[in-house]
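Enquirer: Protein chains in written order, with the numbering used here: chain V, 309 to 421; chain H, 3 to 114.
I should point out that these hints are in silico values taken from the structure, not numbers from a laboratory. Treat the hints with caution; some may be incorrect.
[Claimed, not checked] These stretches of chain H come out as covered by chain V in the derived footprint (C-beta under 8 Å, 3 or more residues):
{"no.": "1", "stretch": "16-26"}
{"no.": "2", "stretch": "49-57"}
{"no.": "3", "stretch": "99-112"}
No residue lacks a Cβ here, since even glycine has one placed at the ideal position from N, Cα and C.
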Amino acid sequence: AQSVTQLDSQVPVFEEAPVELRCNYSSSVSVYLFWYVQYPNQGLQLLLKYLSGSTLVKGINGFEAEFNKSQTSFHLRKPSVHISDTAEYFCAVNPGNDYKLSFGAGTTVTVRA
Amino acid sequence: DTEVTQTPKHLVMGMTNKKSLKCEQHMGHRAMYWYKQKAKKPPELMFVYSYEKLSINESVPSRFSPECPNSSLLNLHLHALQPEDSALYLCASSQVQSGEQYFGPGTRLTVT
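Taking the hints into account, I'd like the entire structure generated from these sequences.
Expert: Printed below as a string of structure tokens:
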């Protein structure tokens, strides 16, 4: 089974500052990687995905992530956050040919004015 | 359109009640999922349907009974639940088994 580690459980950040959320996974084979965001009292929304190709992936709402195979990481970044980015962020991994997503424990991002 | 809809949004039920959660998608996805999510935790997979057949049951208690009437609909029938079953129940769908999953808004279930 895949193991996904989100290295920061909580990230407080000021409005218009950059943010990076770290995600590492355990795998010796090719994987598919995802970042989801969950706003309070809502479902999960797909931010971005890496399936193959360019290691720099751009998603919605100004987010991007970089796949690093040698470090088995998929860190999420945004150069300038807004109050509305306050949410829970989940990194998820699929080993391929599998229905199951392995989720990290989540990172709570709180954006302050 | 990447929308998955779920009804109801909120549900309060007693331990002797029978109720159902409903999920619908019109993206032509052939895999549909039920997840349970406790506060401040990631979603936990409960069931997977692939081409309208139950593909995965993650050892879920029989008081939860899934049903897939057709390729667009997924139900979760609830009976004799326990207070610890109170949670957010999320439905999701995907085009293929390893592709991205699209989630619905969830049903907030409270068992009294």
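Enquirer: With reference to the structure, classify each hint as holding or not holding.
Expert: Status of each hint after checking the structure:
{"no.": "1", "hint": "16-26", "result": "violated (count 0)"}
{"no.": "2", "hint": "49-57", "result": "holds (count 3)"}
{"no.": "3", "hint": "99-112", "result": "holds (count 11)"}
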